[in-house]
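Dock chain D against the given chain A, drawing on the hints supplied.
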Amino acid sequence: MRHISRIIIPISIALALVLLSGMVGFITTHAGAFSSLDQADPNAKQTEFDQMRILLSAAGSNTKDATASVNLPPPEKDPCLHCHIAGEDKNLWTPFIRWSIFSGVGLVFAYGFYRSASTWRTRLPWKPIPKRAAEWVDERYQVSEPLSKVLNKPVPKFALRWWYCLGGITAFLFLVQGVTGIMLSFYYKPTPEAAYASIQFIETQVRFGSAIRMIHHWGSNSMIVMCIAHMLRVFIMGAYKSPRELNWVSGVLLLGLTLAFGFTGYLLPWDQRAYWATTVGTEIAGSIPGIGNLALVFLRVGWDVGALTLSRFYSLHVLVIPLATVIFMFAHFMMVRRQGVARPV
Amino acid sequence: MAEISHSTEEDAIPFYPDHVRTEFRVTVGITIVIILLGVIGLFSPVGLGQPADPLDTPAHIKPEWYFLALYQLLKYIDKTVGATLPVIAIVLLALWPFLDRRPDAGRKAKQIRFIAVSIAVVVLIAMTIWGEIS
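If you're matching them up, the sequences are chains A and D in order.
Start counting the first sequence at 1; every next residue gets the next number (my numbering).
Start counting the second sequence at 1; every next residue gets the next number (my numbering).
Bound-form chain A, shown alone:
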């Protein structure tokens, strides 16, 4: 199986690069981020530099009224400050070639530093830096023993069928949702006035914004599907039976939290579908006998779905439910590790 890792490693490195560059693009800029620099804003506040320029030009032309603002052409501003040397011919290839050369030379230097730093001072035979770093940490904190205990736990052969990975896929999708959700929250504004427009902004202006929203959208749906599939698998195989009752209980709670994620997240775009789905959903919660009205008021913060409902749902969606999910997931995993995978009958 060695030959497969020769394919997998380059693939995963390429994937990591694609993901990283996409994320950096998403976080840093959006289309038109520099558009204010392209045309001069006549109402822009004058800087000291501008005033000095005006004074100098006024002095040069021998005008008496030096303080009067003179209409000068706006100073040329480079939209991409780190890409070009001022005044040079600007095209795509100039910064590309420059940064390729820089990074190539940088890589050579980095490799030289890496090789020399591995033998420096100790004069011992060459050893890779990661290994040295691991030894350095282990010397101080003795992590290798408990870590090897965790890593050497054997996995039974019956647990190598595909239906045993449904829970793991759910956990991975939770991570994906966390990352894309954090990225969306950079641009999202949880108020009725701005929510809709901010999502339009994400979809049309932000780099890869629509891709990130697509992933978050379908990730949430597939997380629910995977969660239910994992639950059905456990149920059919009878893996919930003693001594794994609490594992099942925590799993049901996690399913409830996943559904709560979906329910609260659905309101956030603040379009008609979201608004009325939430109205209906909270109405159903409101018709539970006994605690109905309490549940309704807790969810809507009042009798109607409004600005406070939106900020409450946002807070639940990005703070409360993720925290609870992480806690229960940790408990879920610890219990699985402690008891091992249930042996099917």
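Since the hints were made in silico from the structure, they are not lab data.
Just so it is clear, CB atoms sit at the ideal spot from N, CA and C, and this is done for glycine as well.
One or more hints might be untrue.
Said to hold, decoys possible - DSS-like cross-link-like pairs, simulated, lysine-lysine; straight-line CA separation at most 30 angstroms:
#1 A:K149 to A:K127
#2 A:K153 to A:K127
#3 A:K131 to A:K149
#4 D:K110 to A:K157
#5 D:K62 to A:K189
#6 A:K131 to A:K153
#7 A:K157 to D:K108
#8 A:K153 to D:K110
#9 D:K79 to D:K62
#10 D:K75 to D:K62
Said to hold, decoys possible - Here are the in silico distance ranges between beta carbons for each label pair:
#11 A:N293 to D:D56: 23 to 31 angstroms
#12 A:I11 to D:S44: 25 to 33 angstroms
#13 A:F298 to D:L42: 34 to 42 angstroms
#14 D:K110 to A:V18: 38 to 46 angstroms
#15 A:V137 to D:M127: 52 to 60 angstroms
#16 D:I40 to A:F330: 29 to 37 angstroms
#17 D:H60 to A:V225: 19 to 27 angstroms
#18 D:S44 to A:S100: 31 to 39 angstroms
What the hints assert, rightly or not - Residues on chain A that point at chain D, a partial pick, calculated with CB under 7 angstroms:
#19 Y196
#20 A211
#21 R213
#22 I224
#23 Y240
#24 E245
#25 Y266
#26 P269
#27 Y275
#28 S287
#29 I288
Relative to chain A, chain D alone:
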């Protein structure tokens, strides 16, 4: 009581690196699917409906698909019952291991559970589709 099985060397593989490698491949596969989804999203975004308007109730209100079956049920039964039923069902589901305490004797119990789950899933999917088209 089902024993907690601590696997021995012969019927198990090491967690690291063998199992971790398998899991890593699964992760890479899912990541490829996710990137494909993102690429599709670049060309046809999820999109938005009309902006929310509390004064204008649309003709066909529908919740998310995972609440559609319940929503469809609520059209035909009393609202109080319909709202209480899922709560009871979830509590029952969470406490199921404490109700079903007998350890499995053979494959029979597993088959019965499989049939029960299949029926429940088919009913739920049918209700969801019904809710979607109605």
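Quick rundown of the hints versus the structure:
1. For the hint linking A:K149 to A:K127, the alpha-carbon distance of about 25 angstroms falls within 30 angstroms, and the restraint holds.
2. Straight-line distance between C-alpha atoms of A:K153 and A:K127 comes to about 28 angstroms, which keeps the hinted pair within the 30 angstroms bound.
3. Of the supplied pair hints, the one linking A:K131 and A:K149 holds, its CA atoms being roughly 19 angstroms apart against a limit of 30 angstroms.
4. Proposed proximity of D:K110 and A:K157 is supported: the alpha carbons are some 20 angstroms apart, at most 30 angstroms.
5. Distance check on the hinted pair: D:K62 and A:K189 sit about 25 angstroms apart at the alpha-carbon level, within 30 angstroms; holds.
6. With a C-alpha separation of about 22 angstroms, the suggested pair A:K131 and A:K153 falls inside the 30 angstroms cut-off, and the hint holds.
7. Restraint check for A:K157 and D:K108: satisfied, since their Cα atoms lie roughly 23 angstroms apart, inside the 30 angstroms limit.
8. At roughly 28 angstroms between alpha-carbon atoms, A:K153 and D:K110 fall within 30 angstroms of each other, so this suggested pair holds.
9. Pair hint D:K79 plus D:K62 holds up; C-alpha atoms about 16 angstroms apart against a cutoff of 30 angstroms.
10. In summary, the hint linking D:K75 to D:K62 is supported, as the alpha carbons are separated by about 12 angstroms, within the 30 angstroms threshold.
11. Between A:N293 and D:D56 the C-beta distance comes to about 26 angstroms, which sits within the given range of 23 to 31 angstroms.
12. As the Cβ distance of A:I11 to D:S44 is approximately 26 angstroms, the hint placing it in 25 to 33 angstroms holds.
13. Between A:F298 and D:L42 the C-beta distance comes to about 39 angstroms, which sits within the given range of 34 to 42 angstroms.
14. Between D:K110 and A:V18 the C-beta distance comes to about 43 angstroms, which sits within the given range of 38 to 46 angstroms.
15. A hinted range of 52 to 60 angstroms for the beta carbons of A:V137 and D:M127 is consistent with their spacing of about 55 angstroms.
16. With their beta carbons about 33 angstroms apart, D:I40 and A:F330 fall inside the hinted range of 29 to 37 angstroms.
17. Checked against the hint of 19 to 27 angstroms, the pair D:H60 and A:V225 passes, with Cβ atoms roughly 24 angstroms apart.
18. Range check, D:S44 to A:S100: Cβ separation about 34 angstroms, and the 31 to 39 angstroms hint holds.
19. At its closest, the beta carbon of A:Y196 sits 5 angstroms from a beta carbon of chain D; the interface hint therefore holds under the 7 angstroms criterion.
20. Because the beta carbon of A:A211 sits about 3 angstroms from the nearest beta carbon in chain D, less than 7 angstroms, this interface hint is met.
21. For A:R213, the interface hint holds, since its Cβ comes within 7 angstroms of a Cβ in chain D; the closest pair sits about 5 angstroms apart.
22. With a least beta-carbon distance of about 6 angstroms to chain D, the hint placing A:I224 at the interface is held under the 7 angstroms criterion.
23. For A:Y240, the interface hint holds, the least distance from its beta-carbon to any beta-carbon of chain D being 5 angstroms, beneath 7 angstroms.
24. Look at A:E245: its Cβ gets to within about 4 angstroms of chain D, closer than 7 angstroms, so that hint holds up.
25. At about 5 angstroms, the closest approach between the beta carbon of A:Y266 and any beta carbon in chain D falls short of 7 angstroms, and the interface hint on this residue holds.
26. Because the beta carbon of A:P269 sits about 6 angstroms from the nearest beta carbon in chain D, less than 7 angstroms, this interface hint is met.
27. The interface hint given for A:Y275 is met, as the beta carbon of that residue sits about 4 angstroms from the closest beta carbon of chain D, less than 7 angstroms.
28. Because the beta carbon of A:S287 sits about 4 angstroms from the nearest beta carbon in chain D, less than 7 angstroms, this interface hint is met.
29. With a least beta-carbon distance of about 5 angstroms to chain D, the hint placing A:I288 at the interface is held under the 7 angstroms criterion.
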